Structure formats: C-alpha cells, structure tokens
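Hey, can you work out the whole structure from these sequences and the hints?
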Amino acid sequence: MDVTDVMDVVVGGGVVGLAVAWRLAREGRPVTVVDPAPASGASHAAAGMLAPVSEVTYTEAPLLRLGAASLRRWPSFAAELAADAGLGDPARALDLRADGTLDVAFGADDLAALDELAAFMEKLELPVERLTGRECRRLEPMLAPSVRGGLLAPGDAWVDPRRVTAALLAALHRLGVPLVRARVAGLLRDGDRVTGVRLADGPGGTGLQESGPREIGPREIRAANVVLAAGAWSGELLDLPVRPVKGQIMRLRSPQPLLGRCVRGMVHGAPVYLVPRGDGELVLGATQEELGFDTRVTAGGLYELLRDARELVPGVTELEVADMVAGLRPGTPDNLPLIGPAGVPGLVLATGHHRGGVLLTPLTTDLVLDALTAAGGGARETETGETGELAELCSPRRFQETS
Amino acid sequence: MDELTIAGESFSSRLIMGTGGAPSLDVLDQALEASGTELTTVAMRRLDPAARGSVLDVLRKRDIKVLPNTAGCFTAGEALLTARLAREALGTNWVKLEVISDERTLLPDPIETFDAAERLVAEGFVVLPYIGDDPALARRLEQAGCAAVMPLGAPIGSGLGIRNPHNIELIVEAASVPVILDAGIGTASDAALAMELGCDAVLLATAVTRAQRPDTMAAAMRAAVEAGRLARLAGRIPRRRYAEASSPMTP
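Sequence order for the protein chains is Y and S. Residue numbering for the first sequence follows the working numbering, beginning at 1 and increasing consecutively. Residue numbering for the second sequence follows the working numbering, beginning at 1 and increasing consecutively.
Worth flagging that the hints you see were computed from the coordinates, not collected in a lab. Here the structure is a predicted model, which means the values were calculated and not measured. Among these hints, one or two may not hold up.
Stated by the list, open to error - For each label pair, taking beta carbons as the anchor points, the in silico distance ranges come out as:
hint, chain 1, residue 1, chain 2, residue 2, range
1, Y, 125, S, 60, 34 to 42 angstroms
2, S, 45, Y, 141, 31 to 39 angstroms
3, Y, 192, S, 230, 51 to 59 angstroms
To be verified - If you want a taste of the chain Y side facing chain S, the calculated C-beta under 10 angstroms gives, among others:
hint, residue
4, 57
5, 58
6, 59
7, 60
8, 116
9, 235
10, 287
11, 288
12, 290
13, 307
14, 331
15, 332
16, 334
17, 336
18, 354
Ideal placement from N, C-alpha and C gives every residue a C-beta, glycine not left out.
And the structure:
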C-alpha cells in the first residue's frame, strides 16, 4: 500500500480548509490538502457577507462575538493572502468591501420589528444607524419606493468567496503545498490516536496534482495531525453534530452595479439579501432547507429568491441570470462552529461554520494554529484573554457529554 | 391536569408546539423542554425525514410525537401528496391539514381544506384541519370524520391573539371532537384565554420561537395553558355590574 508521511493533513478544500493549509504552510509546516473537488462546495455557493452586526439575533450573542473578532482579522488576512497569491491590491483582487449593510423594512409590521432590533443592538452598543425610508433611498436609489425605514450597519463588509478560494489555491501552489484530489474514506487510527487518513478508491479518486504521476497517488496519508474541515460532510467521517443545511443562491449580472452596499430585508417573514460585486454581479440569497445532501436547484427556490428580491429592488428582474447553485452549510445544533482539539489526540476540528464560514475563516485559522502548536508543545502558549474565550465558545468539548 | 385525548391517544400536556422560526436546533430543543409538550407539528415540505441531525431527531430524542403538517400547500392535491409522503416517511397516519389561500394572510382556504379532509379521512388518515374561526365549517369537518378541528385565533405569526372569542365559543359548544386553538397566539394571556373559552388545547410556534427568550416564553405558555384549563374546569363566576361584598355575611 502506498503511504505518504506528512506533518499535517487538512481534510477539505473549501475556504476554511484551504485557509488553514495556507496559514500552516506560511508557518513552515509541511501540509497536504485532500479534497475530491476543492472550492466547489459551500464556498462556491456562499455570498461572502462579512456582516456580524446585521446578522445579530436575540439568541445568538456568542456568534456576534466570533463574527466581530473575525471581521477585525479580515483586512490583514486579505492583504497577506493577496501578497502570497501574487495578486495586486487585496481589496480589488478579492472584491473585499466594507461599505456596510442596509437592513430595510416595508410594511408597518416589519418597521416595528426593525425598531425592536435597533433597540436591542443599541443595548449591545453596536454601531448601527436608524434611517428613514427616504434616507435609505438616498443611499440606495434602486430600492423600492415603498421602503419605510432601515438600519445601517456601517462596519459590515463582504468579499467574493470564489476569488478568495482561487487566491488560496494560487497561494498554496506558490508555497508548494500538495493538493490530493481524492475523497477521504476514513481516519487512520493507532489506538486512541488519529494518525492520518485513508483515501477512497474509484473514479475522480486519487492523484497528486502538484507532484508525482496521476496514476499512482497514495492510498493513505499518515500525518502527525489531521485537521477536519470537511464542512457538511464532516459528520460522515466522525460522529459529530454537523448536518447539511441546503441553501440555494442566485447570481445575476448587470453592466453597472445596481447597489452600493449589501441590502437585506424580510419579505413575508422570510429573510432575503442582495450582495453587489464590483464587476456588476449581484448575489441573491438564500434558501434554508433541511434536505440532507440534496443539492438540486428547484423551481420553488428560484421563484422565492426572485420574488422576495424584487420586493426590495424591483430592478433585479431586468438583469441577466448568471448562475444558480445550491450549497450545503455545515449546521450545528447551536449554530456555532466546532473549532479546536477534537478530544482525540492527532485530530483538530475546523467545521460546523453554518452560515458564517467565509466570515469566520481568519479567526478559524488562528484557533487551529493555536490548537496545533499547543498540541506539539510549540512556542505558542494556550491562549488566554479574548482569543482564549473565543476558543472556548467554539470548542468541540461542548457537545462531548451528549455525543 | 386532566388528559387530552385525540383519536384515542392521550396526552398529559395540552400545549402543542410548532417548530417554525426557531433560530437554532438548540434553542428549539430548550423551548420544547420548557413547554412540556408531547405533540409537535413539523412542516413536511423542505424536510428530508431521513436526514441525520434534523428537527425530527430533536423531537425523537425528547420522545415527542410528531404531527406532520402540510404547510405551504395551496391546493387539496398538494396537501394529499404531502400527507401521503409524510405517512410513508414517518410511519404516522396523523396529519395537520393546512391549505392556505394566499401568501400575504396565510388564511386557510375552506373549500380546498374540506375537499382534502374528506379524501384524507377516506384514506384512513387522522386529520386535524387548520381552519378559520367558522363554526359552520368546523361542524362540517367534524361530520366528515376529522379527529379534531383547529380554528385560528388570528393569522399565522401575527401574534394578534383571539380576534373573535365569540366564534371560538360557538365552535367549542357544538364540537364533540377536540377543539385546538391554532395560530395567532402572541403571549401567555392569549393562550390562557383560549383554554378559558373551552378549547381543548393550544397550538403555537412563532410566539415562542421568535420571542427574545424562547425557553422562558415556552414556560410561560405552559403555565398559561394549565391556568386557563383549570379556570375552565373550575367554572368562573358570572360577571356583575356592581360590587358584591365577599366577607361579612358568610363564614
């Protein structure tokens, strides 16, 4: 049996797995990424909202803390990534923009709900601005005239996740990180310890992309550490409380951008958002469906997204449909990610990011790096203070008595 | 509290929960626990009953009976299809029949609902139809063989309470199947009122799942349903125009 030995192996080549591998490679650690189709899952579907403030809900204060901490890390993360990938200005290369999110309300009921949310946000001392309907339309003239009011979260940002994963793949290539295009069939174990991964047979199976001839890829990769970043599929490899939550999302295209910032709102009680890109792309998202590993694009999903988006911005129906995909978010019971030591030596988790994978990527890489260096008795000490508290919120230990 | 019996099956809780609108499965789980519910309705559209870790797992873990519903259906045909899929997937012949007439009000369509109810009863389903607060329709559905009737207090998710208590009383008076107040509950006093009017149970979701503290509101609803039921059984005093001294003449 062919066996490869490395220090770290990252299972999963979505935005989280690729970013973890990139950060490890930057630290000079030999790392390998395994994924049958990198950058094609939830990261390919995601809108890339970096909007911890406008995403706030009454029961999810911990998620706000994680999001805010990760958003602060995004500018330096983007700058380092753009440099390593050989790209120019990071903001342009990744379409990283920090122009804020505008949450709008139409009916009197929606307005009352928005007022209540604004009061809650003020209590949390979040920087939000309450706007009248006309103020909203001065900021975003394409909004429907019936908009009654809005809430601007000026610090919220967004990024193009497809550009981020492309940049990560480029950076990994330049750093010489091997990318094994194979599905991981299981974890290798030696007693209590996880010692690597076993690769699946079959078509689309093995083959090192970077080095070595395609036909004789390794069947096993032995590693000192395995980082599980397999998103919605993480529960297939390990008994984890991670489930797929389907999201259908549509990309439209116009010669000129229709909006200057992210716009979101409730329509018939369902949330919808519109994310503008610099190149005229407009992302409409997203459904939330509990349908297992189903990734079919449906007529109902398409219809509901367009119907709701059109209520907010009537002009959307004039745009070209560029793309409609369904992705699978890795959902957890409390909507918080699972990051850190898995409780089994040799295994670190970086999964369960649900709707926040892109936003939480920089923070995730920090937490995983801390966990790996702590496990190796390295220079980094176990974090105290804020990062330590954030690590505690994401710790897989919180589910261990039940799972 | 005295037991609630629907189609020969007994429940010691008279609070039936819905799952819609919960921000996370953990929040839902805590709310269900606090509510003490033994019967919870789940929308079957956009749910794969075979998927691991779904809302159904949360209910199974708590040993709560699942009442599949046909939310999102606009025609009797769709409702029938959804009910049959639910029966096959969940192994239950119970169904909360919900056929809505339009998206803005989500009010039930009486014609489609009756049509579907008749056909589902014929296929051996235990049918619990969601209807407007219409005493005549409630009676007709009971005659058609429904196991309960579920009149609304106000539109779904509106939290407007019971807009026409008189009609709810008329439905209760005439019914010999359980009457379950469904939709419109905003806060605990609405649930208590439903029970005081003589309803056999209350079904609610949004009032709990979208509350700022869902588990606390669930506990409030549980207490309100119990209080309202006890008040109904106790028999309230008649309303009087003027005061009546309570102390001097009696022991």
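These are the hints, each one checked on the structure:
1. Y:125 with S:60: 34 to 42 angstroms: 41 angstroms, holds
2. S:45 with Y:141: 31 to 39 angstroms: 37 angstroms, holds
3. Y:192 with S:230: 51 to 59 angstroms: Once the Cβ atoms are compared, 56 angstroms apart, the range 51 to 59 angstroms for residue 230 of chain S and residue 192 of chain Y holds.
4. 57: Constraint on residue 57 of chain Y satisfied, holds at 5 angstroms.
5. 58: 4 angstroms, holds
6. 59: 5 angstroms, holds
7. 60: 6 angstroms, holds
8. 116: The hint holds - residue 116 of chain Y has a Cβ within 10 angstroms of chain S, the shortest such distance being about 9 angstroms.
9. 235: Because about 7 angstroms separates residue 235 of chain Y from the closest Cβ in chain S, which is inside the 10 angstroms limit, the hint holds.
10. 287: 8 angstroms, holds
11. 288: Holds - the Cβ of residue 288 of chain Y comes within 10 angstroms of chain S, reaching about 9 angstroms at its closest.
12. 290: This hint holds: residue 290 of chain Y lies near chain S, its Cβ roughly 5 angstroms from the closest one there, short of 10 angstroms.
13. 307: 9 angstroms, holds
14. 331: 8 angstroms, holds
15. 332: Since chain S brings a Cβ to about 8 angstroms from residue 332 of chain Y, closer than 10 angstroms, the hint holds.
16. 334: 4 angstroms, holds
17. 336: At about 9 angstroms, which falls below the 10 angstroms cut-off, the nearest Cβ of chain S leaves the hint on residue 336 of chain Y intact, so it holds.
18. 354: 9 angstroms, holds
In summary, the structure agrees with every hint in the numbered list given earlier.
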